[in-house]
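Chain A is fixed; fit chain B onto it per the hints.
Given next are the chains, with one letter for each unit.
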Amino acid sequence: MDYLLMFLYAVAVLIVLLGGVTFAILAERKVIGYIQLRPGPNRHGPWGTAQTIADVVKLLLKEDIIPAKADKKIFVLAPVLAFAPAFSVMAVLVYSSSIGGADINIGVLYFLGVSSITMLGVLMGGWSSNNKYALLGSIRGVAQMVSYELPLILSIVGIIILVGSLNMTDIVNYQADMGMWFIVPQFLAFIVYMISSIAELNRSPFDLPEAESELVAGYFTEYSGFRFAMFMLAEYTYAIAIAGLATTLFLGGWLGPAFLPGIVWFLLKVCAVMFIWFWLTATLPRARVDQLMNFGWKVLIPLALLNIVVTAIIKVWMG
Amino acid sequence: MAELKTETMTLNMGPQHPSTHGVFRLQLKVDGETIVEAVPIMGYLHRGSEKLAEGFLYSQFIPYTDRLDYLNAMTNNYIYCAAIEELLEWDIPERAEYLRVITMELNRIASHLVWWGTYLLDIGAMSPFLYAFRDRETILDRLNEISGARMTFNYHRIGGVKWDAPEGWIAKVQETVKELYENIQTFDTLVTGNEIFQARTIGVGRLSKEDVINWGLSGPIARGSGIDIDIRKTEPYSLYDRFDFDVVTEEEGDVYARYKVRIGEMFQSLKIIEQACDQIPDGDIITKKGKRIMMIKPPAGEVYKRAEASKGEIGVYAISNGKNKPYRIKLRRPSFVNVSILQALLVGESIQNLVAIFGSLDVVLGEVDA
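From first to last, the protein sequence lines are chains A and B. The first sequence begins at 1 in this note's numbering and counts up by one. The second sequence begins at 1 in this note's numbering and counts up by one.
Chain A extracted, bound-state conformation (with noise of 0.2 Å):
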């Protein structure tokens, strides 16, 4: 019976999440569109909304091309390792006081442990592909990857610090006993953790390993059809569960005034998050490969680490 459940849930999730994606997808087309002086989609369905549901249809029918010299089981295996992970780290997010899936103990850290392996993902398309772009593209993406890992979990040892748990539901009734969302006294850190997620997404300004106007498309040149879409599901899927990890860590999870039910609170926090991602993506230019690789390491992390000393400081002089 247990099984079973679980296997609803995971559907169930699934389910929301593609359409999450989808919609997610329109919602960044919309919301640069607006930006840039343009409508965006508005002719599938109103307000555009069928145009990505179009798009899907459209990928998932499209020729399934492989290259002629790339290594085959590896170029197939490379998008499922990269969207497995992001999807795993649903399970431990936890929507509401009575919505979410296991509660475990250490749920930030599996979330952090686990998605960390989509990079292999993203290295293996750009290997695999046999083309040089690819290549380049995933490598930087690993490096990236690699670097940004650091900050971004220094970012969150100041909380663990404060609630003295890494379950998911603790730190959210942590910030409820305590009144105000670690945002707050946490603000540094959420600084941090935003910039460090932005390049753990490979967004802009720190979408280095897609690089349109240097690498072409970065690891997933090569690919087309469902796999190339795989890959993109993989990224919004990881998007929004960064945003919901944002939003249980920083804001408060689904804490919000009773006219509203928590999990709406919760999705509305997601949004927002991802709001600040379109909003950047249209705003600003790209950054360099070592400018990245600079501010990873001297800027973020002894920021994360400054953050963590203060936090001790004050943990211990509050008892």
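It is worth saying that the hints were derived from the structure and are not from the lab. Please note that a few of the clues may not be correct.
Per the computed footprint, the stretches of chain B lying under chain A, defined by three or more beta-carbons under 8 Å from a beta-carbon of chain A, are [what the hints assert, rightly or not]:
id, stretch
1, 17-27
2, 121-127
3, 195-202
4, 342-352
Positions of the beta carbon are idealized from the N, C-alpha and C atoms, including for glycine.
Below, chain B without anything else, positioned relative to chain A:
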């Protein structure tokens, strides 16, 4: 510790690549992302324009000049016509010259806007690209109204211009100038101070004055390295000596300096258009002889005439043997000359800097591969 052994890899950037601004091919040898050697390979767009000229009547070659630097067709039109006019020793009606200046300067802004947009696209910002094209559209509307075309204008004629400005056109241009002034100001505010943009451009692709002179570079690239040469000022042609404008120069010689020069030049062009619109007199728009296309037969002789195009010095060297077709036309195309520095400039740079440097040269491949 023993040094890590690495191997170089050959990477073909182009001819089909999003940031080669046309069909340009760069054969790179890269060590990781560092460029060890860069060989530009041109000719994918070669059309033999200069040779074609020998088979046409003088005026029939004008449309071919549009297609060289297709982003700055008016100046190309002008310089070819002006060269032939000098062979013919014709005087051009004043109104025609004013219309020429207005159209050329509008076209210069349109060309710089395309550069601005695509350059930022190269650096990874997409919004400016769309903003720039919105304003370029406004300019193209004006040029469309006067010439009937949106890109290959073919408006200037030997002896004047093809048509007079339509009713109310000058007033419309004045409105456009006001609008552009505000919008370009916004662009400047939006991008020039952006920290990521500055980090990507300051100190990158530095060109010294000596480099510029030795490689024969011209236009905003030369002015970005502190060389105060603008043919509109140093050797005024058409009516440029009647207008009050400045030559924009920057000292640093890097990509950022070239960016600032082009932004500054757009404001100067607006200033020129404003003055030209105020001063333009009524009168003929083409000399009587100019209307008889078949009869254009310059006396035997040769001429070199040059002008300041949006990308640098554009020149036409024409030889006439007294017949109704040119004996020889040689074109000095600024992009062709400017792109030659690339191989020297790229060694030791990263692929990301390559895109920034190449973009800063503002190359149009139609002009490189004439």
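May I ask which of the numbered hints given earlier this structure violates, with the numbers listed in increasing order?
Violated hints: none at all, because every hint is consistent with the structure.
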